[in-house]
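As they're listed, the protein sequences go chains A and B.
Take our numbering: the last position of the first sequence gets the number 166, and nothing is skipped along the way.
Take our numbering: the last position of the second sequence gets the number 474, and nothing is skipped along the way.
Read the hints as simulated data drawn from the structure, not as lab findings.
Even glycine gets a Cβ: it sits at the ideal position worked out from N, Cα and C.
There could be a bad hint or two in this list.
In the SDA-like style, the derived pairs of lysine to any residue whose C-alpha atoms are separated by at most 25 Å in a straight line are [unchecked claim]:
1. B/Lys142 with B/Phe391
2. B/Lys209 with B/Asp230
3. A/Lys166 with A/Pro71
4. B/Lys47 with A/Val16
5. B/Lys142 with B/Ala440
6. B/Lys75 with A/Ile28
7. B/Lys142 with B/Val381
8. B/Lys75 with A/Arg29
9. B/Lys47 with A/Pro71
10. B/Lys75 with A/Val25
11. B/Lys75 with A/Val27
12. B/Lys47 with A/Arg29
13. A/Lys166 with A/Thr82
14. B/Lys75 with A/Val21
15. B/Lys47 with A/Leu4
16. A/Lys159 with B/Gln469
17. B/Lys75 with A/Gln26
18. B/Lys75 with A/Ile22
19. B/Lys47 with A/Leu6
20. B/Lys47 with A/Leu11
21. B/Lys209 with B/Asp305
22. B/Lys110 with B/Gly51
23. B/Lys209 with B/Leu279
24. A/Lys159 with A/Arg142
25. B/Lys75 with B/Arg388
26. A/Lys159 with B/Lys110
27. B/Lys47 with A/Val8
28. B/Lys209 with B/Arg271
29. B/Lys142 with B/Val208
Covered by chain B, according to a simulated footprint, are these stretches of chain A (three or more residues, beta-carbon under 8 Å) [as the list claims (entries may be wrong)]:
30. 21-29
31. 148-156
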Amino acid sequence: MSELTLTVMRLGFLAVLWLFVIVAVQVIRSDLFGTRVTQRGSRRGGAAAGAPQQGGRQAAPPQQRQRRGAPTKLVVSEGTLTGTTVALAGQTITLGRAHDSTIVLDDDYASSRHARIYPDRDGQWIVEDLGSTNGTYLDRNRLTTPTPIPPGAPIRIGKTVIELRK
Amino acid sequence: MSVVTNTTTIGAIELPSRRNTELMLLGFAVVIPMFAYANVGLAINGKLPPGMLVYGLGLGALAGVAHLVVRRYAKYADPLLLPLATLLNGLGLVFIWRLDQSERLQNLAKRSFGAFSPSAPNQMLYTAVGIALFAAVLLLLKDHRVLQRFTYISMAGALVLLILPVIPGLGADVFGAKIWISVGGFSIQPGEFAKIVIAIFFAGYLMVKRDALALASRRFMGLYLPRGRDLGPILMIWAMSLLVLIFENDLGTSLLFFGMFVIMLYVATERTSWIVIGLLMSVGGAVVVASFASHVQARVTAWLDPFACYTTSGACEQVGQSLMSFGSGGVLGTGLGQGHSDLILFAANSDFIFSTVGEELGLAGVMAFLLIYGLIIERGVRTALAARDPFGKLFAIGLSGAFAIQIFVVAGGVMGLIPLTGMTMPFLASGGSSVLANWALIGILIRISDTARRPAPAPAPSPDSEMTQVVRPS
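Build the full structure now, drawing on both the sequences and the hints.
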């Protein structure tokens, strides 16, 4: 057997051996990051596509400069989740009994995908009913179209009441 | 049930079973040894070895069986353990076959035993039995927590396994170390199996006692010193390993058991002081024993300066030859089948097989091998981290710790870093007990990792909107 062939085989074998080690390490990489962080807002967009909607559906606008006097948090004031707050940072907040909602309602009168709250282009927060069984009420009125939320107005979903606060 | 965070949730990725990844790597792990086999044949005889197809098909079939068993019985197990072990085992077979071709070793065997019998076919048989054992572990051990019940029985079992070689008539004194027993023509090394059995005891015992060992302590000079009575277990294991060292003349086994206990003690209690205490005790014990046991003294002399006593002592010559093979290998090695590591003569294909790797594959090959071993250990530690039950955690750590110590002790011994201890390189070295025990060890790790990585049972089906109660104004 010629010297050249053997040299090529020797180096080739080392290369293959190291290739195996590198592939094995690549397999490990996926294990190192064993958890993933999901942005609720962006994921909800795709899931909501099937739900009936009245208004034109647009993605939440990129974070805008907070207007003075704009609400900064969403507070649950009645129901099983009383006291829960969610910071408002320009993302869409979904409400319902589905596990992937931003606020998972433990409420027999709520639908899986009940309503969503999102900012429009001007930073005004809008609440929209997603075709729920029992409806979403702003103050005392059942919502039929996406409606801007006046500061301090209670939004009622089943037995749960939420408000936007500064 | 209200998990309301800001805007993000952190959830575990839906774990894929990774079995196809494993199959791909297994393919690699069968092809690489075949390449090595062809390479050795071409280098030694100038033609492809005759048994190449049979060898490749055999290894492939064994790997395939192992893979199917894992796919069926341990679906979510770690995808790396099986391919890594298969690759090491396959390459070990190639190296053993390569050393079988050496005329020097054949003549040595003819002189000492009257006849030469090649080791590679036996090793292939042991590999088949080892993989059968691996499959049996996965089939029979549905849940590793069952082993917890056998905590104290396994202590007794491990002690019996350790004592067996000393019993006259049963034990066989082979080349100075009494670590063998001969049963019906086979010689078995019970210590290899004892390391698994004793890991069960250590895990079960430390799981129960770890709070006492961790919390009741005084702080002294930055170290948490345990109370006197808590030193009992470590003293007992220490005494036991010293007894093994004195009566069986086996530094390796004794180091393995004591090191394993210290590692598991540290993991169970999170107290660095145990490591300090353990190191002091093992150094103290080794020095005391070395002062009167001639067997250990010879090893230490050979370690300190193998070339000073090269011509007078067999141990020195072995270590010297081993160092020279590493040296002549250089960075890229001489190429498979083209080295002269058979000059080590005695135990060239068992204790000293790593010298052949060092000479024929060079530093690059040695590093790749050490990385492959390191990956197995990493997967074991990862399994321990992922395991949900404390027994499984400690057990996995104990097994990977034992594996790590064994590799350190053997590789360090043949490279002259520490005195040679006479253990076998897992999967690589010739020897049935070692192959069997290590396949069982990998089987247990795969079982634990399957339990650890299995996704939690699916949550109750999400409340359907149809189940929403309707408000009916009455």
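The hints, checked one at a time:
1. B/Lys142 with B/Phe391: Measuring from Cα to Cα gives roughly 15 Å; hence the hint holds.
2. B/Lys209 with B/Asp230: This hinted pair holds, its Cα atoms lying about 10 Å apart.
3. A/Lys166 with A/Pro71: holds, 4 Å
4. B/Lys47 with A/Val16: With a Cα-Cα distance of about 21 Å, the restraint between B/Lys47 and A/Val16 holds, given a limit of 25 Å.
5. B/Lys142 with B/Ala440: holds, 14 Å
6. B/Lys75 with A/Ile28: holds, 17 Å
7. B/Lys142 with B/Val381: holds, 21 Å
8. B/Lys75 with A/Arg29: It holds: about 20 Å lies between the C-alpha atoms, which stays within 25 Å.
9. B/Lys47 with A/Pro71: Since the Cα atoms of B/Lys47 and A/Pro71 sit roughly 82 Å apart, the hinted pair is violated (cutoff 25 Å).
10. B/Lys75 with A/Val25: Within the cut-off at roughly 21 Å; holds.
11. B/Lys75 with A/Val27: At roughly 17 Å apart (the allowed maximum being 25 Å), A/Val27 and B/Lys75 satisfy the hint.
12. B/Lys47 with A/Arg29: Distance ~40 Å between B/Lys47 and A/Arg29 Cα, so the pair is violated.
13. A/Lys166 with A/Thr82: Since the Cα atoms of A/Lys166 and A/Thr82 sit roughly 17 Å apart, the hinted pair holds (cutoff 25 Å).
14. B/Lys75 with A/Val21: Distance of about 23 Å is within 25 Å: holds.
15. B/Lys47 with A/Leu4: Holds - the C-alpha atoms of A/Leu4 and B/Lys47 are around 15 Å apart, at most 25 Å.
16. A/Lys159 with B/Gln469: At roughly 12 Å apart (the allowed maximum being 25 Å), B/Gln469 and A/Lys159 satisfy the hint.
17. B/Lys75 with A/Gln26: At roughly 20 Å apart (the allowed maximum being 25 Å), A/Gln26 and B/Lys75 satisfy the hint.
18. B/Lys75 with A/Ile22: holds, 24 Å
19. B/Lys47 with A/Leu6: Measuring from Cα to Cα gives roughly 12 Å; hence the hint holds.
20. B/Lys47 with A/Leu11: holds, 19 Å
21. B/Lys209 with B/Asp305: The given pair, whose Cα atoms are some 44 Å apart, is violated under the 25 Å limit.
22. B/Lys110 with B/Gly51: holds, 24 Å
23. B/Lys209 with B/Leu279: holds, 21 Å
24. A/Lys159 with A/Arg142: It holds: about 14 Å lies between the C-alpha atoms, which stays within 25 Å.
25. B/Lys75 with B/Arg388: OK: B/Lys75 and B/Arg388 at ~17 Å, within 25 Å.
26. A/Lys159 with B/Lys110: violated, 91 Å
27. B/Lys47 with A/Val8: holds, 16 Å
28. B/Lys209 with B/Arg271: Roughly 14 Å separates the two Cα atoms, so the pair holds.
29. B/Lys142 with B/Val208: holds, 23 Å
30. 21-29: holds (count 6)
31. 148-156: violated (count 0)
Violation of the numbered hints given earlier is confined to hints 9, 12, 21, 26 and 31; the remaining hints are satisfied by the structure.
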